[in-house]
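The lines below spell out each chain.
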Amino acid sequence: MQHKVVDTKDVVIRFAGDSGDGMQLTGSLFADTSAVYGNGLSTFPDYPAEIRAPHGTVSGVSGFQVHIGSGKVTTPGDFCDLLVAMNPAALKANAKWCKRGAMILVDEDAFDEAGMKKAGFTTDNPFAELGVEDRVLLVSPITTLTKESLADSGMDLKSVLKCKNMFTLGMACYIYNRPLDHIFAYLERKFSKKHPEMIEPNKKVLTDGFNYASNIQAIADTYVVEPVADLPKGTYRNITGNQATAWGLLAASEKSGLPLFCGSYPITPATGILEELAIHKSLGAKTLQAEDEIAGICTAIGASFAGNLAVTTTSGPGLSLKSEALGLAVMTELPLVVVDVQRGGPSTGLPTKTEQTDLMQALFGRNGECPMPVLAARSPAQCFDAAFMAAKIALEHMTPVMLLTEGFLGNGSEPWRIPSMADYPAIKPPFVQGSLPEGETFQPFKRNPETLVRSWALPGQKGLEHRVGGLEKTHEGVLSTDPANHEMMVRERAEKVARVARELPALELEGAKEGKILVVGWGGTYGHISTAVHELLEEGVDVSYAHFDYINPLPANTEEVFSRFSRILVCELNSGQFAAYLRGILPAHEYVSFGKVQGQPFLVSELKDRILKEL
Amino acid sequence: MPTLTAQDFKSDQQVRWCPGCGDHAVLASLQRALPKVSTALGYEKERYVVVSGIGCSSRLPYYMDTYGFHSIHGRATAISTGIKVANPTLTVWQACGDGDALAIGGNHFIHAIRRNIDINIILFNNQIYGLTKGQYSPTSKFGAITKTSPYGTVEHPFNPGSLVLGAKGTFFARSLDIELKLNEEIMTAAALHDGTSVMEMLTNCVIFNDGAHKSLSDPAVKADRTIVLRHGEKMIFGKNRDKGLVLDGMGLRAVTIGQDGYTEDDILVHDAHSDNMGMHMMLAEMKGPELPVALGIIRDVKDVTYDDGVRDQVKDVMVKSKIHSVDDLLRSGSTWEVE
Chain A
1 MQHKVVDTKD VVIRFAGDSG DGMQLTGSLF ADTSAVYGNG LSTFPDYPAE IRAPHGTVSG
61 VSGFQVHIGS GKVTTPGDFC DLLVAMNPAA LKANAKWCKR GAMILVDEDA FDEAGMKKAG
121 FTTDNPFAEL GVEDRVLLVS PITTLTKESL ADSGMDLKSV LKCKNMFTLG MACYIYNRPL
181 DHIFAYLERK FSKKHPEMIE PNKKVLTDGF NYASNIQAIA DTYVVEPVAD LPKGTYRNIT
241 GNQATAWGLL AASEKSGLPL FCGSYPITPA TGILEELAIH KSLGAKTLQA EDEIAGICTA
301 IGASFAGNLA VTTTSGPGLS LKSEALGLAV MTELPLVVVD VQRGGPSTGL PTKTEQTDLM
361 QALFGRNGEC PMPVLAARSP AQCFDAAFMA AKIALEHMTP VMLLTEGFLG NGSEPWRIPS
421 MADYPAIKPP FVQGSLPEGE TFQPFKRNPE TLVRSWALPG QKGLEHRVGG LEKTHEGVLS
481 TDPANHEMMV RERAEKVARV ARELPALELE GAKEGKILVV GWGGTYGHIS TAVHELLEEG
541 VDVSYAHFDY INPLPANTEE VFSRFSRILV CELNSGQFAA YLRGILPAHE YVSFGKVQGQ
601 PFLVSELKDR ILKEL
Chain B
1001 MPTLTAQDFK SDQQVRWCPG CGDHAVLASL QRALPKVSTA LGYEKERYVV VSGIGCSSRL
1061 PYYMDTYGFH SIHGRATAIS TGIKVANPTL TVWQACGDGD ALAIGGNHFI HAIRRNIDIN
1121 IILFNNQIYG LTKGQYSPTS KFGAITKTSP YGTVEHPFNP GSLVLGAKGT FFARSLDIEL
1181 KLNEEIMTAA ALHDGTSVME MLTNCVIFND GAHKSLSDPA VKADRTIVLR HGEKMIFGKN
1241 RDKGLVLDGM GLRAVTIGQD GYTEDDILVH DAHSDNMGMH MMLAEMKGPE LPVALGIIRD
1301 VKDVTYDDGV RDQVKDVMVK SKIHSVDDLL RSGSTWEVE
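Sequences listed follow chains A and B, in order.
FYI, this note's numbering numbers position 333 of the first sequence as 333, with every residue one higher than the one before it.
Position in the second sequence counted from 1, then plus 1000, gives you this note's numbering.
Read the hints as simulated data drawn from the structure, not as lab findings.
Just so you know, these numbers come straight off a predicted model, no measurement behind them.
Worth double-checking, as some hints may not be accurate.
[To be verified] Cross-link-like lysine-lysine pairs, in silico, DSS-like; alpha carbons within 25 Å at most:
1) B/K1045 / A/K281
2) B/K1302 / B/K1036
3) A/K162 / A/K203
4) A/K193 / B/K1045
5) B/K1010 / A/K462
6) A/K255 / B/K1322
7) A/K462 / B/K1045
[Stated by the list, open to error] To give an idea of the interface, some chain A residues facing chain B are shown, with a C-beta separation under 7 Å as derived from the structure:
8) A251
9) E254
10) D292
11) C298
12) E324
13) V468
Cβ coordinates follow ideal geometry from the N, Cα and C atoms, glycine included.
Same shape as in the complex, but just chain A (with noise of 0.2 Å):
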């Protein structure tokens, strides 16, 4: 049968399931042909902690959001257009993030007896039960017609059942005219090399699954997304995250000219940088998985001072055993990039959750006064440009920084005009160039005067032979306790990262120059706060946005800036701790904080609520 197909701005589809039931990849694909295709995309994967945690429960729910426009996407979304629930327990998890019209789609074969008892549902009716009875239900027999469908493949039947996703995907690309040549292209890849015999199956299933769909009576319209016509020309790719931090800390490695080593543990949702990392050896770069987050960090400070770009990857937990490790590069002066892959906290905490609530202990968590850069990335393919930077002043600066990112960031992704390395600066890092006039000893803490930064004499080099350490020392490297020595360095020790600011790009506004109401944020929140500002300022609210991607130090023109409103709103995914900051720095205004804990980002919805109800 036709279907009408209506031309729409943009949709949301959240497909879940099972842990083991391959959503991610699912959603990934929809997301990758998308991109393909042309649209504007943000994604979010929303996984348990438990690889497979137990069936059938709404504990164990996978779910990866999928946003599509024909414009700018800078969320994932909301709520969303079409849910996808492949069992009784997805369904539940999930049914409260469909809009008012959504569709619904589901596999009648999983919502038996047991699956509705194992998902805790108490009457026969779940979509009553959960008050989306109203939404448009397209309830269909999603494991009978994957077997069908390879009833003569001579699969077994677990085989078999893995594919119900691809079932699932063909019917999704079908009600959003999605092109199935990209799916197809990737079985391709993943197969060729140990199960070509998979291809033709998995094709199989995904097309029958695209043809249900147009068959079915239930499904009443089509729609179409078109490609984001006003795109900027170039080459683009779809990256997550992690991703995009470690290409990033590639490029600063050519830039400087410097070998990459990374130090790291894994941790989620941080060790997908090293995997990453991990492969790009034809780059030169070396990783190293260490035994623990301890000797992450520290095999890191070994490269650096062998002459190495170092870096460690970590989230909260891991940032907490590398404390000392990070005073010791403070101390010794030595560059170093510490990614932090922020997750929900404290402790173990939510492993899979996003959150902000690093951002303390990224500034002021080490034993004595032991400041750092931080900076923190906002949206998954600036990432690549943050690692950049981070890389850039730990070189030139002589000093460890850390880059705050976020699970939101790391695991999700969006569309990327790729750059040309011919537009990023060179790295310059301070070497000590030649042998120093005879009778002259190389002293490692002299400072430039401009930035106070210290010279870097390498390993091998003649005539440069040094001792660093973790003990106070003086500028010429000699141990010492003597009071004024110690004052002395402490505070040019925090001055050469306040100089830093010197090189930062100023802090830029979104809105009117002046007004009742600054919105503030920081990290991977910048994609919500902006399309919330913006929605407000196309519906005529006065309102304003500023977004930090340096906190320490914080850009030149911040007190400028915040000078120019009556109140700054400071919007984060923890309960206040930037907004203390700024209190503690910038006291001469008026802040009000509004957190959010709850290991999800925001919703746009929830934000424009707050900035008007501040109005």
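Start from chain A and add chain B according to the hints.
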């Protein structure tokens, strides 16, 4: 290249260990050994990096006129590992104590050995925490009375040798602080060995654990209570060189040559290069009164090293990969054009 002398490795810093501390002798041994290493391997002075953790012995880098890194407690092995991987042409020496390497830094210690990274670890074992003024360490004897064990410890000590060999170490040697010649010999061999070399130095802490090793170092008994093992030589010891080691059933036994029918032909020959971990383990674990404590190089075997592996893999992938620049990388995989 001009010949280096011990003097070239002495820094201008005042050595601040207590008078009579065993660390002085180990420092002197190292300063004498490195010129020999340089002659043997053609190393310039700037190739040496000396790394340490925290503790009395960890002050050593300040006294060496080389590149040096005095790091944090327990982490020297991790720092050394990073230095060696970052620049494999450097020759890395590490000074650490029994608390530093075997308590707080135990994890890094065993994993460096497992990886067989080419670093040289001098383990100063005085069986006490000296810098914090006298608490028991993981090598303190069972029942040791210290400030934190006023009624005696109730825990077993590590034998560093067993730990190294248990982690499949490729080089383990032991010496006494005062044995300058033997120390030099061990340090030179450690430098020539590719892989993690662990040199246990039994040192005396004159303040908090004086005489810890006196039962071995006392000239009156030393020759009878210790045996210096040398590859290819008979395991003979004793003041009169009349004692030796034989295999007795599953274990070792000390016998007197000429007694009970034993002749010199019965005495075992030391094979430090043998893969036989069992024999090296028995030698490392020998203790009195029945058996002498083994000094010298107990194990020195060849195996692949971590730093070579890392370097070779990078070279190999560089040749095979199509990605040779970040621009190549950015354009690899799935991309699309917007016209």
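Hint by hint, here is what the structure shows:
1. B/K1045 / A/K281: At roughly 31 Å apart (the allowed maximum being 25 Å), A/K281 and B/K1045 break the hint.
2. B/K1302 / B/K1036: Holds. B/K1302 to B/K1036 sits at ~22 Å (cutoff 25 Å).
3. A/K162 / A/K203: Holds, at about 13 Å.
4. A/K193 / B/K1045: Violated - the C-alpha atoms of B/K1045 and A/K193 are around 51 Å apart, more than 25 Å.
5. B/K1010 / A/K462: 16 Å, holds
6. A/K255 / B/K1322: Roughly 20 Å separates the two Cα atoms, so the pair holds.
7. A/K462 / B/K1045: With Cα atoms ~8 Å apart, A/K462 and B/K1045 stay inside 25 Å; holds.
8. A251: It holds, given that the least Cβ distance between A/A251 and chain B is near 5 Å, below 7 Å.
9. E254: A/E254 check passes; min Cβ-Cβ to chain B is 5 Å, inside 7 Å.
10. D292: Interface hint status for A/D292: holds (6 Å vs cutoff 7 Å).
11. C298: 3 Å, holds
12. E324: 6 Å, holds
13. V468: Constraint on A/V468 satisfied, holds at 6 Å.
Against the hints set out earlier in the document, violations occur for numbers 1 and 4.
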